[in-house]
Amino acid sequence: SAVISQKPSRDICQRGTSLTIQCQVDSQVTMMFWYRQQPGQSLTLIATANQGSEATYESGFVIDKFPISRPNLTFSTLTVSNMSPEDSSIYLCSVAKTSGGDTDTQYFGPGTRLTVL
Amino acid sequence: QKEVEQNSGPLSVPEGAIASLNCTYSDRGSQSFFWYRQYSGKSPELIMSIYSNGDKEDGRFTAQLNKASQYVSLLIRDSQPSDSATYLCAVNRNNDMRFGAGTRLTVKP
Chain A
698 SAVISQKPSR DICQRGTSLT IQCQVDSQVT MMFWYRQQPG QSLTLIATAN QGSEATYESG
758 FVIDKFPISR PNLTFSTLTV SNMSPEDSSI YLCSVAKTSG GDTDTQYFGP GTRLTVL
Chain B
56 QKEVEQNSGP LSVPEGAIAS LNCTYSDRGS QSFFWYRQYS GKSPELIMSI YSNGDKEDGR
116 FTAQLNKASQ YVSLLIRDSQ PSDSATYLCA VNRNNDMRFG AGTRLTVKP
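Line by line, the protein sequences give chains A and B.
According to my numbering, the first sequence is numbered sequentially starting from 698.
According to my numbering, the second sequence is numbered sequentially starting from 56.
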């Protein structure tokens, strides 16, 4: 499986500010995804990060609040904008392999734990 | 009805026993099925994938799939305290992955 890193691993932010989370993969991957996991909850897909084009957002998530970039096949960023305490969560990047079978299997990065005061 | 349903637990088993985790899903067009393990404070880690009806074994883990009943399960044999974690069932259709809420498993020494 690919090696996935996320930065920062955790942060404490003030209300109204923005935070950009980076996701780096050690090999080219077709699909990159951003999830949110609120305390005690399961994973909720925010969006699919598309290389060279706008991300595809799930219902309830909008680009103005969660702008996403994916400039190449190994890197993506998620920004949480104008944060409120309700945005406190773990944000996870996941990737799916480019080839070799099991291209729908997702592997997760270590996550970014965000606390908004 | 939730798309992927799991009993939230906690499920408690003694060390050495078989732990049985269950999951049902609503989308009959689902193509692939996954079990992830998530330790507290960590990200999900893939345990197994299964694509066709029947059993798939990997070490102490066996995944079972029944598409007619829309049911997938995970058996953990010879459970160890290190297996204590939350187990997430995930169902995929055309790269659209949906997760259950997870079952918390505790293995007692």
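Think of the hints as simulated: they come from the structure by calculation, not from any bench.
Treat the hints with care, since some could be wrong.
[As the list claims (entries may be wrong)] Think about it this way: if two alpha-carbon atoms lie no more than 27 Å apart in a straight line, the pair counts; the simulated DSS-like pairs of lysine-lysine are:
#1 A:Lys794 x B:Lys111
#2 A:Lys794 x B:Lys122
#3 B:Lys97 x A:Lys794
#4 A:Lys704 x B:Lys111
#5 B:Lys122 x A:Lys762
#6 A:Lys762 x B:Lys97
#7 A:Lys762 x A:Lys704
#8 B:Lys57 x B:Lys163
#9 B:Lys163 x B:Lys122
#10 B:Lys111 x B:Lys57
[Claimed, not checked] Rough simulated footprint, nothing fancy, chain A against chain B, three-plus residues with beta-carbon under 8 Å:
#11 77-90
#12 132-138
#13 154-161
We treat Cβ as the ideally placed atom computed from N, Cα and C, and that holds for glycine.
Now for the hints, and whether the structure bears them out:
no.	hint	in the structure
1	A:Lys794 x B:Lys111	21 Å, holds
2	A:Lys794 x B:Lys122	25 Å, holds
3	B:Lys97 x A:Lys794	21 Å, holds
4	A:Lys704 x B:Lys111	36 Å, violated
5	B:Lys122 x A:Lys762	38 Å, violated
6	A:Lys762 x B:Lys97	25 Å, holds
7	A:Lys762 x A:Lys704	19 Å, holds
8	B:Lys57 x B:Lys163	31 Å, violated
9	B:Lys163 x B:Lys122	33 Å, violated
10	B:Lys111 x B:Lys57	26 Å, holds
11	77-90	holds (count 3)
12	132-138	violated (count 0)
13	154-161	holds (count 4)
Checked against the numbered hints listed earlier, the structure breaks hints 4, 5, 8, 9 and 12; every other hint is satisfied.
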